[in-house]
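A.B. asks: Residue numbers (our numbering), protein chains in the order written: chain A, 1 to 300; chain B, 1001 to 1300; chain C, 2001 to 2300; chain D, 3001 to 3300; chain E, 4001 to 4300; chain F, 5001 to 5300.
Simulated restraints on C-beta separations:
no. : chain 1 : residue 1 : chain 2 : residue 2 : range
1   : E       : D4196     : F       : H5065     : 28 to 34 Å
2   : A       : E182      : C       : G2169     : 53 to 59 Å
3   : C       : Q2190     : D       : Q3190     : 51 to 57 Å
4   : D       : H3195     : E       : A4097     : 57 to 63 Å
5   : B       : A1104     : C       : R2188     : 41 to 47 Å
So the derived list for chain B, only partly shown, Cβ under 10 Å to chain A, looks like this:
no. : residue
6   : G1008
7   : L1009
8   : W1010
9   : G1032
10  : A1078
11  : P1275
Keep in mind that the hints were calculated from the coordinates and are not lab data.
Every residue gets a Cβ at the ideal spot worked out from N, C-alpha and C, and that includes glycine.
For reference, the chains in residue letters:
Number of protein chains: 6
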Amino acid sequence: MEEPWSPGLWERPGRFMAAEAGYPEALWVLAGAPLELTVSYRAGTRWGPARIREASYALETYSPHLDRDLEELAIHDAGDIALPLGNLGQSLARIEAALRRPYAGGKRVLLLGGEHLVTLAAVNAALDRYPDLVVVQLDAHTDLRDRYLDEPYSHATVMRRVLDLVGPGRLWQLGPRSGLREEFQLAREQGRFYHDVEEGADALAGQLAGPLRGVPLYLTVDIDVLDPSVAPGTGTPEPGGPDFATLLRALYRLARAGARLVGADIVETAPPLDPSGRTEIVAAKIAREILLAFTGEVAQ
Amino acid sequence: MEEPWSPGLWERPGRFMAAEAGYPEALWVLAGAPLELTVSYRAGTRWGPARIREASYALETYSPHLDRDLEELAIHDAGDIALPLGNLGQSLARIEAALRRPYAGGKRVLLLGGEHLVTLAAVNAALDRYPDLVVVQLDAHTDLRDRYLDEPYSHATVMRRVLDLVGPGRLWQLGPRSGLREEFQLAREQGRFYHDVEEGADALAGQLAGPLRGVPLYLTVDIDVLDPSVAPGTGTPEPGGPDFATLLRALYRLARAGARLVGADIVETAPPLDPSGRTEIVAAKIAREILLAFTGEVAQ
Amino acid sequence: MEEPWSPGLWERPGRFMAAEAGYPEALWVLAGAPLELTVSYRAGTRWGPARIREASYALETYSPHLDRDLEELAIHDAGDIALPLGNLGQSLARIEAALRRPYAGGKRVLLLGGEHLVTLAAVNAALDRYPDLVVVQLDAHTDLRDRYLDEPYSHATVMRRVLDLVGPGRLWQLGPRSGLREEFQLAREQGRFYHDVEEGADALAGQLAGPLRGVPLYLTVDIDVLDPSVAPGTGTPEPGGPDFATLLRALYRLARAGARLVGADIVETAPPLDPSGRTEIVAAKIAREILLAFTGEVAQ
Amino acid sequence: MEEPWSPGLWERPGRFMAAEAGYPEALWVLAGAPLELTVSYRAGTRWGPARIREASYALETYSPHLDRDLEELAIHDAGDIALPLGNLGQSLARIEAALRRPYAGGKRVLLLGGEHLVTLAAVNAALDRYPDLVVVQLDAHTDLRDRYLDEPYSHATVMRRVLDLVGPGRLWQLGPRSGLREEFQLAREQGRFYHDVEEGADALAGQLAGPLRGVPLYLTVDIDVLDPSVAPGTGTPEPGGPDFATLLRALYRLARAGARLVGADIVETAPPLDPSGRTEIVAAKIAREILLAFTGEVAQ
Amino acid sequence: MEEPWSPGLWERPGRFMAAEAGYPEALWVLAGAPLELTVSYRAGTRWGPARIREASYALETYSPHLDRDLEELAIHDAGDIALPLGNLGQSLARIEAALRRPYAGGKRVLLLGGEHLVTLAAVNAALDRYPDLVVVQLDAHTDLRDRYLDEPYSHATVMRRVLDLVGPGRLWQLGPRSGLREEFQLAREQGRFYHDVEEGADALAGQLAGPLRGVPLYLTVDIDVLDPSVAPGTGTPEPGGPDFATLLRALYRLARAGARLVGADIVETAPPLDPSGRTEIVAAKIAREILLAFTGEVAQ
Amino acid sequence: MEEPWSPGLWERPGRFMAAEAGYPEALWVLAGAPLELTVSYRAGTRWGPARIREASYALETYSPHLDRDLEELAIHDAGDIALPLGNLGQSLARIEAALRRPYAGGKRVLLLGGEHLVTLAAVNAALDRYPDLVVVQLDAHTDLRDRYLDEPYSHATVMRRVLDLVGPGRLWQLGPRSGLREEFQLAREQGRFYHDVEEGADALAGQLAGPLRGVPLYLTVDIDVLDPSVAPGTGTPEPGGPDFATLLRALYRLARAGARLVGADIVETAPPLDPSGRTEIVAAKIAREILLAFTGEVAQ
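Isolated chain A, as found in the complex (with noise of 0.2 Å):
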């Protein structure tokens, strides 16, 4: 009904690039959260969808590193989920209804943050399909606190929510450089907490060579655990952090381990704060190297 009147003059903006499936063919679901309610120091992720989805087009659709292309994958870009303002309760409960579907219906998810709260609303939709979910998270914070400035809700105690969620032992950290002496702690003693994102890597292809064989991954990707030079549009840049050559060799290497990705998030890009743009640019790639590197068969 709405199709343009001549086709071959147009093009309609406002899609991840070759994300052209219809929602039934899809094998990945791609989607925006653009939440952003529990900043504590500069604002800007509620722009990362749109802005991940427009720098998309600045990248190609084919990896030469991985020798695949988007174009090969039925992908289908199901616009963002729809938020009330200033009601964190509301949003976490719509991001997760908003996901439930896809992930019963077996299809893979790649949410676009928004802030690292979204993750919480996320993992939750994915355990209800897979109760035997292992998150891995790579980050410069820990996000392991149990309450921040009182709050048991909040980007710096995510990953805490997230534990609590999937138990001891089940949740991997690969890059944290910056937290209180309590979640280094706490991330040592029940997380698998690397502080080299390469070694950790490496740490977790071993085991999924082994005891998580199988096992279904999910991979939240917060933005600011590259170094601040190769991402400088997130709200709290912690300097010290990888390279983004250093973050994807680790991606391939678990990609290359047989992981079983079924669910991931890219998180935290704040493109306002990044006037050169190459943030979302950044983002777009990492989504990319996503979809092609870890779509293989994903056995139910």
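Starting from the known structure of chain A, arrange chains B, C, D, E and F on it as the hints suggest.
C.D. replies: This is chains B, C, D, E and F only, laid out in the frame that chain A set:
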């Protein structure tokens, strides 16, 4: 096919606010033409259509001045016209081809630029249907050069080419405050030239009640007609223009005089040149007021 | 204890200019409330209080218009109210609690936002002491929705909640030029609505000489009442507002009419959205003029 | 020697538009003085001369208001005066020395700042040739402090120093809206002070037809005399000034009254503070209009 | 004629640092080509030449790595090539015409872009004199498409056109990490392709000691070959590239191998896209190191 | 007196994180010196102290690398040293006078610049107490010119003046990659010069275990020692420096070697030049690590 699975939870960005109608039932067709090839000073108009659509959501669909609401109109947002890179002739041909059909179908078109040259293609498309078209130009510049740096087609010559098309006396110029001595001479001789936009609107309104009653009008708004304090995001800001309220008064004046607007454009909005982001909001509000003010009976 | 060791050589930043009084002797208490939870378009108001204080040093303490000097007033800068992240109800409760004491002590309060919802908490605090409070709103938006995206508390509903508190006829709205049709109807029916700020100030001044003589006034200035050319650093700039001199004339008009101002706020200043940095200077100058213009005899 | 080998193909940037005359035949000498040493709030004026020259190419050489063209004038762009770093006295001495010769040769000088202190050096140079010089200051600030932070030479004291030089009654101040109470008192007593620039221009024009007929005038335009919405790129923007058209009307008023302008400057343009880039265009257009409006018969 | 009157006091901006030689005696000719017509994503390269020249003054003329100084070289800065607006064919023709003479005169040319298409014109000019030219491309993109959006000439096809000119095996590509699958296939088959710039430089250096000894080299540096953290100011930044030191090492490797560089360009620097201003400094430093490293004996 | 009335609810900004100690009990005194008078290229260091303090709240007080927490240290934030405008000699005298007392009292001082010249005053103050002071400079530039544009005191000569004070062999220079040939010769002859910061730190650490055991050290960190990708917000960014982790490793190396740090500064941070805001976070993190790493036993 591509409908999201739980409609109430999802938003799909990319359209101008309230432009939800399908093409067949639309009264107005809104389209983008991100052309940017003959820029002489600073670039950015290629981002005009996308950012104006996005900025429209900072506004309401209701105009208290006019006591009308966009939601009461059938508007179709057709997306952007696909343009080849670096090929000016081909680009203009595509724009003209794309717009010919809605004009033929009796629809009105609001085109979002892009640089001012898109007006030439749009007027060409409209002339097919409305051979007696009168063009109203709101602009800081005369744009009446015959050649600019030896080239016949550029943002500085566009209205000369339009004048060639519609013929002497059928181009009304409101607002120009910059140009060559020769351009001002030509403007005074052949066009209908008014430095003051309100004075010009009054004069034209007078004619619309007389000799020009019922004549089809095409309105081209170069955003730089406004003072740069109001619309800094444009390639060649020219200090000394009217403020926003003055511009709207001029438009309302024409509408109240019963102008029969069949097409319009808003051009030269260059969002990257205005980090405050207000220029695209200004453009979106002008678009809203044009859509609302000039929607009356368009007799064929 | 914390005094620097050689006082003449040191500067200690962080306060509004000339706000050097201690709390006990202060006539005015200045406070910040960097709330930002219900933003719908663009963020940045959390930086309002800090940047307005900093910007005040670009101004003089003396107003040639009023021939008065801030150094002649006892002003206490109390700092910012600590707000929990992502918890709207708790945030409003804290602001109200924090402001209740100075109002109880007969002091006047100038609050720097943050988003417009802080006004609801501030009015609540003031009502305790002044049950017959009349609220004057300078704003581009009506802010009279009953719900916004299903939520009763947001920047788009704040004045409806204030109207609920003070009752019909006790809310004067000067300047609104954007809203829903229903909001404008409500504004005209129950509030005191004037699109033109000077006309509204005249009308109110007339009442202050009559039925409203001596009534305690609360003034809320949403910085977006100004045209975006004057104050671009705000979340939802609405083209078509008054310039700076016009706004000041309206304020002077009220002051000359003997308005008994007991509290005020300046909200929605979003410094990161205005790289030229002038919006925070505009806000600081409005703060200075309010402090100077309305300091006369406040009968209890 | 350094001429490019195929002139028609090459452009050599770096000069103000149409300032192509050699020094000997020049009527006007244009020069830059990128001084920036006594900044109290925000920096950037050192980039003024370079960016104003560059911005001039966004304008035409023809002024429709005056119906004159820069190409009809002999203007020499001498480049910038080389200034030592961090040495204020030496810097002022160099500016004065550099400008003494063109004044001695009967040429007129248009100086592009740089901070306002450059006016002191320029007036000193002009006084040698024109001992009866009258200075006209367009400025948001009085700049009449005797000392600022203990220093006698700064942007806040510059016009006091100029007043010391030219003597009481020979300094006309148009536009000031910020200063100490003492400065405004001095302004009213010794200077010729007008808050409103048009009113001041009228008063001066009246004198030019009478007691001041034929007196040599020096005009200093502090760009911050304009409202910050018009010229945000300046160190201490002061809300509440005139718009661009008003400033031009004041200048035209003086020109029509037969003002014998022998020198002028445009100062305090700080391009990095205005990412929209319009402040330097505003400065360039003021420069153009000064050059065109005041070029008549300069009797010696 | 145009010399300033007191030379010691004046600076004349507009040239690259130390490029003070006249054309006849120059060994190197430096020129700008601010072409920008086939941009697909973000614009700004037209400001490349002017800003790179300006940024050069943030650097020293001396390179401690090479222990050489630009002041010891005869460099002529010819300014920018004048380009017609919106006419790609004519623009390329002018660049080629402009550069033909210095190449014919045995001078070396360093061209500052502008978009990458300028390389095509420059190589054409060089081929006249050096029919056995070998081209070395440092780039994030293969640029080997045959058509891009139907056009044969664009920034995405430029090296395919160059390959057409110089023939198989005479194009060395160092650094590409983005392109179509077909482009990488072609790169591997016909070009000399190395993803790793140092590895590629080693391989080429090996040939320069053998089969390619004495062959004339043309070097094109697309600034986006660097990681976007190093050079964010470019149209299509591609995450994952080498850092600055790595790029220099590759250049030094070629220089030490006795490369006979006859021409070079640095393209795609888009200063407006990098508000930190470091990209143009990076480009200026690469220019300095190229000028210094490759100036040895150029046998004819 | 000035305490807010309900302490739990209020925050008072303006100090470096955790710098809550009073002067008497403080081990470290933190002070700002926003000097900016001899800038040659781009300005902004005057905003260094204020923005670094503010940025510190984006970090944690705990360092996982060192397993120490600022909250365990007694740090007094003394505010900024008041500086006269445009008077270099007086400014340096005030900084020296201000810092003399804490040094005399055996406290350690961390100074936040401002431009690099503040180091000269700080070293002068420290030398009074520690005549055998050794200075360690981390910097991209040699800063060893004897004169710069004829001036003996500037950011380009500062370390030459420091060398004059401490004498040959007592200045260690780590990182310089830009300067005149003469400066590098002097650096190699009289200073202790290492292009590679880690290599330099190793060499110095070796001496600290031997001939320099127990010697009082002063550390000056010019933020431009880092690669501009890491710290773009600085006046003269010099491509090709170390990344953040490398810099920290060098500092840790000195700390582990038992360096007796008595004073330090972090200079040339120019926040307005980095819209991403990460440079001030980098500076704040370096400050944190210096405070934590070098706090051990300082024998008198």
